[in-house]
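**Student:** Let's have the full structure, built from the sequences with the hints guiding it.
These are the residues of each chain, in order.
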Amino acid sequence: GQQLNQSPQSMFIQEGEDVSMNCTSSSIFNTWLWYKQDPGEGPVLLIALYKAGELTSNGRLTAQFGITRKDSFLNISASIPSDVGIYFCAGLSLSGNTPLVFGKGTRLSVIA
Amino acid sequence: GAGVSQSPRYKVAKRGQDVALRCDPISGHVSLFWYQQALGQGPEFLTYFQNEAQLDKSGLPSDRFFAERPEGSVSTLKIQRTQQEDSAVYLCASRDRGPPLHFGNGTRLTVT
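Same order as they appear, the protein sequences are chains G and A.
Every letter in the first sequence is one number past the one before it in the numbering used here, and letter 109, counting from 1, is 109.
Every letter in the second sequence is one number past the one before it in the numbering used here, and letter 107, counting from 1, is 219.
It is worth saying that the hints were derived from the structure and are not from the lab.
In this text the structure is predicted, and so the values were computed from the model without any measurement.
Among the clues, some could well be false.
Stated by the list, open to error - Here are the simulated SDA-like cross-link-like pairs (lysine to any residue), alpha carbons at most 20 Å apart as the crow flies:
| # | chain 1 | residue 1 | chain 2 | residue 2 |
| --- | --- | --- | --- | --- |
| 1 | G | K70 | A | T222 |
| 2 | A | K126 | A | P212 |
| 3 | G | K104 | A | R220 |
| 4 | G | K104 | A | A150 |
| 5 | G | K70 | A | P212 |
| 6 | G | K104 | A | Q153 |
| 7 | A | K123 | G | E41 |
| 8 | G | K104 | A | K123 |
Stated by the list, open to error - For each label pair, taking beta carbons as the anchor points, the in silico distance ranges come out as:
| # | chain 1 | residue 1 | chain 2 | residue 2 | range |
| --- | --- | --- | --- | --- | --- |
| 9 | G | S27 | A | K126 | 15 to 25 Å |
| 10 | G | L55 | A | R134 | 12 to 22 Å |
| 11 | A | K126 | G | G59 | 43 to 53 Å |
| 12 | G | T62 | A | V186 | 30 to 40 Å |
| 13 | A | S139 | G | L45 | 12 to 22 Å |
| 14 | A | A150 | G | Q14 | 37 to 47 Å |
| 15 | A | E197 | G | Q3 | 12 to 22 Å |
| 16 | G | K51 | A | R193 | 42 to 52 Å |
Quick reminder that beta carbons are idealized off the backbone N, C-alpha and C, glycines included.
**Tutor:** Structure representation (structure tokens):
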């Protein structure tokens, strides 16, 4: 089946630093989504991307839909302690009939 | 309710027992999805409903897993003769028209 490679697996950063994570796919996607999951909760949508090359911001978060349609990036600027959590990328293929596929997540830890 | 509601939040079952997990989607959402999330992994697709029709059950790991949504609203995921490898968080999600899924907080199933 489809695979999403998400990296890095985990990150330890100082409060105030910028963060960058990415996701690559073996196949073309027409939608990329970024979710955040806190312990004991379900994933919460952060940003949705629908067009190749699209760059979208949500507060301190910025995500981009790669022009090859096979990758996406999420950046977090000026990290704060509440950014701690697991970030997942998810993609929807061109056919649209396949389910949303998730990466394995990037675990972010912020040191105050 | 305002969000996707799942119950119970936690379930401990002895190996061989049957379990039933409930999902109340966001009111009016036509599509409903079940995902399984193993520890340290991203959510993996199990099955998908559009109204009461189960359109895709390709992710169900075995015939011990069964899902239904008889009236196109509440859904139940049933696991028969539970095994230790069934231990995971079971996430339910719903959506209206667009791709983004709205997740519940999941049911954590532990099989002892």
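**Student:** Determine for every hint whether it applies to the structure shown.
**Tutor:** Hint check results:
For the hint linking K70(G) to T222(A), the alpha-carbon distance of about 36 Å lies beyond 20 Å, and the restraint is violated. Taking the CA atoms of K126(A) and P212(A), the gap is near 35 Å; set against the 20 Å cutoff, the hint is violated. Taken as a hint, the K104(G) and R220(A) pair is honoured in the structure, with Cα atoms around 18 Å apart against an allowance of 20 Å. Taking the CA atoms of K104(G) and A150(A), the gap is near 10 Å; set against the 20 Å cutoff, the hint holds.
Distance restraint check for K70(G) and P212(A): the Cα-Cα separation of roughly 18 Å lies within the 20 Å cut-off, and the hinted pair is therefore satisfied. For the given pair, K104(G) sits about 5 Å from Q153(A) by alpha-carbon distance, which is consistent with the 20 Å threshold. Between K123(A) and E41(G) the alpha-carbon distance is near 15 Å, which keeps this suggested pair within the 20 Å criterion. Between the alpha carbons of K104(G) and K123(A) the distance comes to roughly 24 Å, so the proposed pair goes past 20 Å and is violated.
Our hint of 15 to 25 Å for S27(G) and K126(A) is violated, since their Cβ atoms are close to 41 Å apart. Restraint check, L55(G) to R134(A): a C-beta distance of roughly 40 Å breaks the suggested window 12 to 22 Å. The supplied range of 43 to 53 Å is met by K126(A) and G59(G), whose beta-carbon atoms lie about 46 Å from each other. Taken as a hint, the range 30 to 40 Å holds for the pair T62(G) and V186(A), whose Cβ atoms sit roughly 38 Å apart.
Look at S139(A) against L45(G): about 18 Å separates their beta carbons, and that is inside 12 to 22 Å. Between A150(A) and Q14(G) the Cβ separation comes to about 31 Å, which falls outside the hinted range of 37 to 47 Å. Taking the beta carbon of each, E197(A) and Q3(G) are about 21 Å apart, inside 12 to 22 Å as hinted. With their beta carbons about 46 Å apart, K51(G) and R193(A) fall inside the hinted range of 42 to 52 Å.
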